[in-house]
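Knowing the structure of chain A, use the given hints to seat chain B on it.
There are 2 protein chains.
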Amino acid sequence: MKEFEKLKQFIDKHSGFVLVGHKNADGDCIGTMSAFGIILEKLGKSAVFIVADPVPHNYFFLKKVKDFKVVNTFDCKQSPVILFECGNMERSGINLENYGERANFDHHPDNKFYAELNIVNPEASSVGEMAAIFFREYFENLIDSDVANSLYTAIHTDTGGFAYSNVKKSTFEVASYLMSKGLDNQLVCNEVYGNNKIEKTRLLGYYLENLEVKKMKNFNLCYGVLALKDLERFNCTSRDTENFANYPRGIMGVDVGVFFLEVEQGVFKVSLRSKGKVIVNKVAANLGGGGHKFAAGCTVKGEWPRVLDTVLKEFEKDE
Amino acid sequence: MKEFEKLKQFIDKHSGFVLVGHKNADGDCIGTMSAFGIILEKLGKSAVFIVADPVPHNYFFLKKVKDFKVVNTFDCKQSPVILFECGNMERSGINLENYGERANFDHHPDNKFYAELNIVNPEASSVGEMAAIFFREYFENLIDSDVANSLYTAIHTDTGGFAYSNVKKSTFEVASYLMSKGLDNQLVCNEVYGNNKIEKTRLLGYYLENLEVKKMKNFNLCYGVLALKDLERFNCTSRDTENFANYPRGIMGVDVGVFFLEVEQGVFKVSLRSKGKVIVNKVAANLGGGGHKFAAGCTVKGEWPRVLDTVLKEFEKDE
Numbered sequence: 019m020k021e022f023e024k025l026k027q028f029i030d031k032h033s034g035f036v037l038v039g040h041k042n043a044d045g046d047c048i049g050t051m052s053a054f055g056i057i058l059e060k061l062g063k064s065a066v067f068i069v070a071d072p073v074p075h076n077y078f079f080l081k082k083v084k085d086f087k088v089v090n091t092f093d094c095k096q097s098p099v100i101l102f103e104c105g106n107m108e109r110s111g112i113n114l115e116n117y118g119e120r121a122n123f124d125h126h127p128d129n130k131f132y133a134e135l136n137i138v139n140p141e142a143s144s145v146g147e148m149a150a151i152f153f154r155e156y157f158e159n160l161i162d163s164d165v166a167n168s169l170y171t172a173i174h175t176d177t178g179g180f181a182y183s184n185v186k187k188s189t190f191e192v193a194s195y196l197m198s199k200g201l202d203n204q205l206v207c208n209e210v211y212g213n214n215k216i217e218k219t220r221l222l223g224y225y226l227e228n229l230e231v232k233k234m235k236n237f238n239l240c241y242g243v244l245a246l247k248d249l250e251r252f253n254c255t256s257r258d259t260e261n262f263a264n265y266p267r268g269i270m271g272v273d274v275g276v277f278f279l280e281v282e283q284g285v286f287k288v289s290l291r292s293k294g295k296v297i298v299n300k301v302a303a304n305l306g307g308g309g310h311k312f313a314a315g316c317t318v319k320g321e322w323p324r325v326l327d328t329v330l331k332e333f334e335k336d337e
Numbered sequence: 019m020k021e022f023e024k025l026k027q028f029i030d031k032h033s034g035f036v037l038v039g040h041k042n043a044d045g046d047c048i049g050t051m052s053a054f055g056i057i058l059e060k061l062g063k064s065a066v067f068i069v070a071d072p073v074p075h076n077y078f079f080l081k082k083v084k085d086f087k088v089v090n091t092f093d094c095k096q097s098p099v100i101l102f103e104c105g106n107m108e109r110s111g112i113n114l115e116n117y118g119e120r121a122n123f124d125h126h127p128d129n130k131f132y133a134e135l136n137i138v139n140p141e142a143s144s145v146g147e148m149a150a151i152f153f154r155e156y157f158e159n160l161i162d163s164d165v166a167n168s169l170y171t172a173i174h175t176d177t178g179g180f181a182y183s184n185v186k187k188s189t190f191e192v193a194s195y196l197m198s199k200g201l202d203n204q205l206v207c208n209e210v211y212g213n214n215k216i217e218k219t220r221l222l223g224y225y226l227e228n229l230e231v232k233k234m235k236n237f238n239l240c241y242g243v244l245a246l247k248d249l250e251r252f253n254c255t256s257r258d259t260e261n262f263a264n265y266p267r268g269i270m271g272v273d274v275g276v277f278f279l280e281v282e283q284g285v286f287k288v289s290l291r292s293k294g295k296v297i298v299n300k301v302a303a304n305l306g307g308g309g310h311k312f313a314a315g316c317t318v319k320g321e322w323p324r325v326l327d328t329v330l331k332e333f334e335k336d337e
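Heads up: the protein sequence lines correspond to chains A and B, in order. So my numbering is basically just the index in the first sequence, starting at one, shifted up by 18. So my numbering is basically just the index in the second sequence, starting at one, shifted up by 18.
Pulled out of the complex, with its shape left as it was, chain A reads as follows (with noise of 0.2 Å):
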C-alpha cells in the first residue's frame, strides 16, 4: 500500500485537480470519479471533471456527475491529474494539455505505469474497490452516503452485480464497510438498472425475440443481429445496444454467443462471447479482430446473411 501512501500525499500537497475518465467511461470510472470528486471537495479543494463522451443517463443520480465536462481537447494549465482506468494517456480519449503532475489510478493488466505515480491494483475487482479501501484508509471520517452510493455503483457495475470472477472477499468486505456509511444499495440499483430507456428496451425485446440457435460440429451457437434499420426503426444508435453481447451466451445448452451490429451500411461488428469450452479470439484474429479468449471481436465487411455465413465457416474451420 505505498502508493497509496503517495496517493495520499499527492492529494494533500494540490489544491486544484482535475480527474479524468476514460473513452465511453462506464460506472465503475464514473462511479469512482464521483466519490473522489466528494472527498476532495471535504477536504476543501477543487476539482474538475473530464470525459470524452456524454456520461449515460443511469448515473446523473450520483452527486457530482452534472459537473462531468465532455470535452476533446482540455487545458490542464499546469494542474495535477488524476486519470482512471486508462492504460495509456489515449485510453481518455482527451487531448490533454500543459498537465502537471499525473496520477494513474486503474485495475487493469495491460496499463503502461506511464505517470508520475501509478496506483495499479489488477487484483482489484474496481477501481471503486481500490477507491474505498483508499478512503477508509486516509479519510474515513469523510465517507458520507453520497460517497458509498458512488463506490457501490462502481462496484456493482464492473462485477455484473457481484456475479463474474473478480469478486474477491474483499469486494464483499469493502460493500459491507459501506453499508456501514450510509450506502442505499436499493436506490444505486433502482437508478443504475431500474432506468431504461423505453426504446432501449423495446430494441432488446426485439433482439431477443429473434435469436437463432445454430448446432455447429462440436458446440452450440446462438447469435442475435441488428441492421441499421431496426436501431432506425426503433430510435436507438449503436450506442443503445450496450451489454446485448451478453444474452446468446446466456441461453442454455449454448456454449457461444454472438452478436451482429451493423454499425453502417454493409459493415457489422460483431462480438464473441463463449461460456468457456470454445476459445474466440482465435476466430476474431482470422478475422482481423482480436480479444481475450471467452470475450473477442471483429468487424465484417458484406450484407446480411453472408456476414453470418462468414462467422460461421471461420468457427467450422477452427474446430
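In short, the hints are calculated from the structure, not lab data. Some clues are possibly wrong.
In this list, chains with the same sequence are indistinguishable; a pair is considered to hold if it fits within one copy or across any two.
[Stated by the list, open to error] Straight-line alpha carbon distances no greater than 25 Å define the calculated DSS-like cross-link-like pairs of lysine-lysine that follow:
1) 26 - 300
2) 215 - 232
3) 84 - 41
4) 293 - 81
5) 319 - 81
6) 287 - 31
7) 335 - 81
8) 311 - 335
9) 247 - 20
The following block gives chain B in isolation, referenced to the frame of chain A:
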C-alpha cells in the same frame, strides 16, 4: 440466537429429516434446502427433500437438487420435519401426513409460528443468510464449496443480486465469509442467470418489444401483456413468466409497472409494481386482490383491452 441453539439440539437429537420447501420453491428455498442437505449428510444423518412443484432447471447444478421429490402428499412416518419459508403449513402445497417434531425456518414477517420450533427472522435478507450464520456458528468445519454455492444461490436470488432493501451489512459479511469457504460466485451466477430457455427468452423479447407507456393524471404507468395465445405461440407456460412483472417498472420516467398475464381464457392475473411514489395495494384491493404497498396483485376477468381499462380506471379513481 436462542433459537439457533434449539435448532442445533433438534438436529443432534434426530437421525433422519424431511426437508420441505414452499409452493413454487425459489432460489432461496431450494439453495437453503440443498445446503442443509449437505450438512446433514456430513453429520451422518439422512434427509428427504420434498417440494410441491418441479425445481426450475437453473438450480439443477446444486448438489442435492437431483434428490428433490415432487409430491402432493407425503407420509413423514413420524420423522422430524424442517419447513423452509412456509409461513403456515399450507404454504408447502403438500399434504404432510404423520409428521414428527417440526422446525419452521423462515424470514417472512407473516409467519404464523405454528411449529414446535420456530426460527423466524424477518430482518434477514433470506433464509440462505440465516442458514449461513447458523452453520458458521455450529458446523463451521462442514461448510464446503457446495454449501457455499447453495447459500450464495439463496442469497443472490432473494436480494436481486444485492439490489433490494432487504440487504444488510450482515448480508455482505456472510457473502464474504462464504468466499473464504470456497464459494464460486461466477459459477453460481452463470448457472442461475446464464441458463435461460430460448423459448422463454424469445417470449420475454416479444413482451419487452410491446411494452406501452401511459400518461396518467399524476404519474406514468408502463404495462405489458401476454395472452394465452402468446404463451402458446412461443411454446411457453405461465411459469416461464417469472420476474416479467418487474420489467415495466424499470423504464425511465415510469412510476408504476403493470404486467397482465392471461392465465385462463378471459382471466388475467394483474401484477402491480411501484417505484415508491404511488401506493398500489389499494388499487389491487379494490379489484379483489392485495399485497404490499409497492408490490401487489389481483385477478381481473374479461377480454383484452377491457381488462386494461378496468385497471387504468381504478388507478384514476385512486389518484
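Taking the hints in turn, this is what the structure says about them:
1. 26 - 300: Classified as neither; 43 Å inside a copy, 54 Å across copies.
2. 215 - 232: Result: close only across copies, 14 Å inter versus 31 Å intra.
3. 84 - 41: within (18 Å within a copy, 47 Å between copies)
4. 293 - 81: between (37 Å within a copy, 21 Å between copies)
5. 319 - 81: neither (43 Å within a copy, 47 Å between copies)
6. 287 - 31: For residue 287 and residue 31, neither the intra-copy (45 Å) nor the inter-copy (63 Å) Cα distance is at most 25 Å.
7. 335 - 81: neither (51 Å within a copy, 37 Å between copies)
8. 311 - 335: within (17 Å within a copy, 57 Å between copies)
9. 247 - 20: neither (53 Å within a copy, 64 Å between copies)
Violated hints for the displayed structure, listed by number in ascending order: 1, 5, 6, 7 and 9.
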